[in-house]
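Q: Protein sequences, first through last, are from chains A and B.
Counting from 1, position 19 in the first sequence corresponds to residue 19 in our numbering; the numbering is continuous, with no gaps.
Counting from 1, position 517 in the second sequence corresponds to residue 517 in our numbering; the numbering is continuous, with no gaps.
Treat the hints as calculated values from the structure; they're not laboratory data.
Worth double-checking, as some hints may not be accurate.
[To be verified] Listed next, the in silico SDA-like pairs over lysine to any residue satisfying Cα-Cα at most 20 Å (straight line):
hint, chain 1, residue 1, chain 2, residue 2
1, A, K38, B, G155
2, B, K324, B, K377
3, B, K279, A, L121
4, A, K144, B, G155
5, A, K117, B, E231
6, A, K38, B, A158
7, A, K38, B, R205
8, A, K144, B, I157
9, A, K8, B, D236
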Amino acid sequence: MIRVDPSKCSGCVRCEVNCSFFHTGMVGRRSARIRVVKIEEIGIDFPVVCQQCVERYCTKCPEHAIEVGPLGQIIISPTLCVSCGTCETLCPIGAIELYEDIPYVCDLCGGDPRCVKACTLGAIYYEPDAHGQISLRSFKAKTKKMSPGQKRLIFALESSRPLREKWVSARRK
Amino acid sequence: MLYGYSGHILRVDLESGRIVREKTDPQYMLKVIGGRGLNSMRMYEELDRHVDPLSPENMLLLAVGPLTGTLLSSSAYTTISGKSPLTGILGDSAAGGYFGPELKLAGYDQVIITGRADKPCYLLITNDNVEIRNASHLWGKDIWQTTAAIRKELGDIAVQVAAIGPAGENLVKFATVACNNSRMFGRTGMGCLFGSKNLKAIAVRGKGRLRVADTLKYAKLCNQLDQRILEHPEYDKRNALGSTQLITALNNIGILPTNHFQKGICDYVDKISGETLAKKYKVKNKSCFNCNIHCSRYFITKEAEGEGPEFETLCSYTSRLGNKDLKFALKITSYLNRMGVDSLSSGETMGWAMECIQRGLLSKEDFDGLDLRWGNKKAIEKLLDMIVHRRGIGDAFAEGTRSLAQRFGKGTEKYAFHIKGLDMICGDPRGIKAFGLTYAIASRGGDHLRAEPFFELTQRFDEAERRWGIREIADRLAVKGKAVLVEYTERLALLTDCMTMCKNIGLSMALMHPEFASQLLTAGTGLRFTPERVNDALNNVIEKERLINIDFGIDPSQDILLHRFVHEPLKEGPSKGHVVPIQQMVKEYYKLKGWDERGIPQRKR
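Here chain B stands alone, though its shape is the one from the complex (with noise of 0.2 Å):
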């Protein structure tokens, strides 16, 4: 009897139709956990390195953690996994939401797809019922209008459903996936993967119910955690705003990109923050499974409404293209929402435009005549919709930054923010040294949820100093310690992906370390899970993902940020005047891992 896990691993081929329900190893499951760590060593053991993303062999991995869907708090998560399309190396991405719950109780760990469907189809899990079904009368449809024709098709309306919008039907390379409407799984382009496969959606109605090893144990532990979290000190900013919050945050610390990244502090930031949404517009929190903090919201204005946004969707149509109008920033979200498109990497080819219109690179009639000045809501509207339908500049647009800055040349991919094809989030570097480390070295592009080494925002000296003998760690403009730093909260981010659970409570809230979670771990699934474990499963994820990564051509030249985060100094705020030294970062961090010069890791055992 498996505890915690659901017991199943589901794979299913759509171009034969074969699906087949294999047990859950728990020897296996030792070495990798679930989630992240379950579908990164698939693709490691299964995926042939040289496959094209959009071509059938590409794998499309989801993966639920072993203790989501029980009593622990925030541990709502789903991964999902593929090489990707958008970046051609390791993909992934995770959202909250109501279904991996679902997919736990449906008896899975792990679903995985592989094949092209003849036709449009969705897949549909209730337990031992698997069935590949027809969509073909939902194609064009967009997520919140297939969310709804699916529960009303199944007579049910809690039946939980992953799908994708037009913009993964046109295979955008930067489309989403979305659950609950609005929880998206973003980054990476898995809704163009969903999108290659003929694969619209994916419904799962679960009717069992999950258990855990030591329940006693188990309540105790987990109230433990959900009283930690009433007692944060965040905690009521964290219920009020959410990630909204830090609008204002980083623009008080100077590192708000505004107009895309040529400042770090906004004017307007009063028009567009966290606090002004939750007056105006917000109506209510909104959850993930089993959270006690509530940190979505529910928004409605004249034209829109939805739950979000967050933090980089808010900031990405906000000062990051340098529009000032909130209100315009959620419709936005809800038209991004049911489109299915990735609001960071589409805000990024939009500020890459803008700049290089505003340098004279680029003009008008490089862009349909698209008038792209700053905050230019008609033609970031106009825009965005040719980009879902692929029509006229959108086509190139839809490739993401990186193909779209080549296409053009003339100096101007200087100005593409992306790290390893992926456009880089909403924080400027220059003032916040461990992210900018983490955003050079994380396995999946220019991204901080692989490391969030939020403690250098703590200032918690004494404690950086008990912790590390290093008190510059909890400076934000420090450089020295970073890399020890990272490389810590590397693997704890890799812990909570490995769990599915939220990285603001296992990172920025600091609540969940690897003894607590060896303990969770044990006594949901019964497994001896000891802390030494669980680390050398993290250890042996990091490196698996390293040389998957390796396989598909990365190297020490991509462990890098742009130009602009290493060599043009902030030039106003608290961060003023200070640069990324970002390869003698790298440079400590492959010594820390055990790397090579070349960052390839170096078998030990």
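Extracted from the complex, chain A is given alone in its bound form (with noise of 0.2 Å):
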């Protein structure tokens, strides 16, 4: 799965734009599958994508057209997809968003991710060995009924805390 380290994150966005670009030769935040959530007030950028979950949500398609590859990556297929949306509502942190019709999620490049090489900061990495080991049951009843981009803002806080007050007890002494 793809690792995120907020404290090295400068909320770039090259994730996005290289994500955007290799898989449809475009640049538009919308078609990116990893999506850098940037809460200014707090200084906090978090790349959120799929964290390959233990739960494996969004494989309830109810068209059968999502399942899981030998990577653990999210495969969707075109041909079964209707565009319904499900997926999009079942995911707890946004990391599945629709964009045309499309459903979006990461599917770590074949296992060579872009977005991690295009990270200059080392804050996105690749662990290929680790998958299916984290669970986002709590974010599941925190997150219900919201838009992907509020579910990201939501995991986004929740993750980058520890980190936060780490600064802050650093340089408020």
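Taking the hints as your guide, dock the two standalone chains into a single complex.
A: In structure tokens, the structure reads:
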């Protein structure tokens, strides 16, 4: 899976840009499969990407269009998918979002993630063997009925809380 | 199908509420490229030269370059232009962040705003939907609050907002516009222009995607630039300190403005340096859209936090005013960012006042009893607040140093360090001669970014010999050849402004040149931007900017440096004994430009 270290992230969105460009040949935030949440008031930048969670909520696709690939990545069948948006609703952290009727989710670029290459700060890294380890159960209830953007914000806020506390205690003594 | 360019120009008249969307004309863009070039050309063609800058008829233009928002590193800028309320001539200011790319995703290469709304409003741009919305509830709020409130209102924290603070509302002449809370369109008072139009903010939500013409070639070129950035010898330092490294660097060559340019060396430089800032208060790097230098920083202190500061702000509120307290400068940085005030211009008004007090030209009583001694933090803070709200003597300060010194007279004009009304940046020209020339001829007034002739600091003598046949160009203290350098880098600086790129890449790190730009532009836009066409466009814009300034009343008597920099040599350090023989340099520059001795471009075509 792709891991994130927010203490190193500058929020440059090179991961988004390169993800979008190498998948679609175009650049646009909404067609990136990794999305940086920028909480400017507290200086947090947090890339949100599929956590390959234990629960695999998105695989409850009514059309059976979603399966888990050998790398642990999510594979969506373009022929079976009817753009119903269930996967977007099911994902607790907003890692899947429909854009122009196509669901966008991290596919690990076949094992050589472009976002990792693009990040020159080491804030994103790839651990091929780590998947199915993180539980997103605690977010499921918290982010019910939220838009993918709001879900990502909640996930980023919660996940970066220890970092923020560390900063404050180090600099405000 | 247009590539690179987003495809539309938006015209909004706040008075009538008329909103018009035009198609971007590729033939026109070939002549101006985009960004500052596009804005300046529109002003040249459409702006009535006699308008009062604060009147509804003045234009407010925002433009983004053709490759901004794509794969190209460090192309995140937006340029805001208009007739400057501070200087009365060509005004423009650029900032990075995430606003420009978003505007491109919303489908626009330029936004042209005229008129004045009858009550406070903000402009919401979402692709096909453009609305002028009520902002009465936002009036009075600072920039951070405004940004947060608009994002909350729209239910999306990814909305990009360019907003003004109370300073802009109160028509402080050097008020700024900010996006991403701390990315300042700092110079020439564009925030004041927003305020005069009752425009509190522009919010953008872009739903589109950007295409480039030759995807593979373009990706290859962008990769090349990325690699060159990473392999650059200055990369580590720029990444760690950003522009704040200049505090130490300028002090080392004896040109760090100290006590309002009375000295070029600061004894307490270690207390205020970028290194100290990084060690004590930085928590992590920050960055503009898609940049791999990540030169900005996030800081936290007991009293304040935020992104920044850049060198000019840091120096303006430390050595330039004799302040030794770095933490205080950081607090001021946050304050300026919230209120929307230019650090250079506000700092210069105070530096002028402090020097006038020191010299006994003016006294405490002239400044509402404020004790403007060097480094008096209480007085600085109080005066800033008075400027923002135009209270008491702050009202006069809010007009800028030129007007302030004229008001007081008594020889205080000699210490008002502005050129064409724009307050000078932090870098003593006596030790960097090409910069001196740049300040004098810059089309927006006393500013270095119009040419950023960084090459003179490199000591790359052989390269200077090879490129221009003049070795002295690589020697910062030499005069010879500096007009040649500035004539060249002025075009390069305009090129980066037209592509709305960062000057660090284009000039300081010397990673951009017209040939490479022409390849990028051609692969990106699909238009045939040959090196000759690019150069023609640049020359054309420089000429038009000069012509428009001549219409605004600029003549050679204003292409100058202040008395101190021409007649009083620096007293100590590695730049000791130096002044700038500016008259001779300006003359040489005119000649190279093909302008007559009155500084008027002569038509050859």
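Q: Next, verify each hint and record whether it holds.
A: Verification of the supplied hints:
no. : hint              : verdict
1   : K38(A) / G155(B)  : holds (14 Å)
2   : K324(B) / K377(B) : holds (10 Å)
3   : K279(B) / L121(A) : holds (18 Å)
4   : K144(A) / G155(B) : holds (16 Å)
5   : K117(A) / E231(B) : holds (16 Å)
6   : K38(A) / A158(B)  : holds (8 Å)
7   : K38(A) / R205(B)  : holds (15 Å)
8   : K144(A) / I157(B) : holds (18 Å)
9   : K8(A) / D236(B)   : holds (15 Å)
Checked against the numbered hints given earlier, the structure satisfies every one of them.
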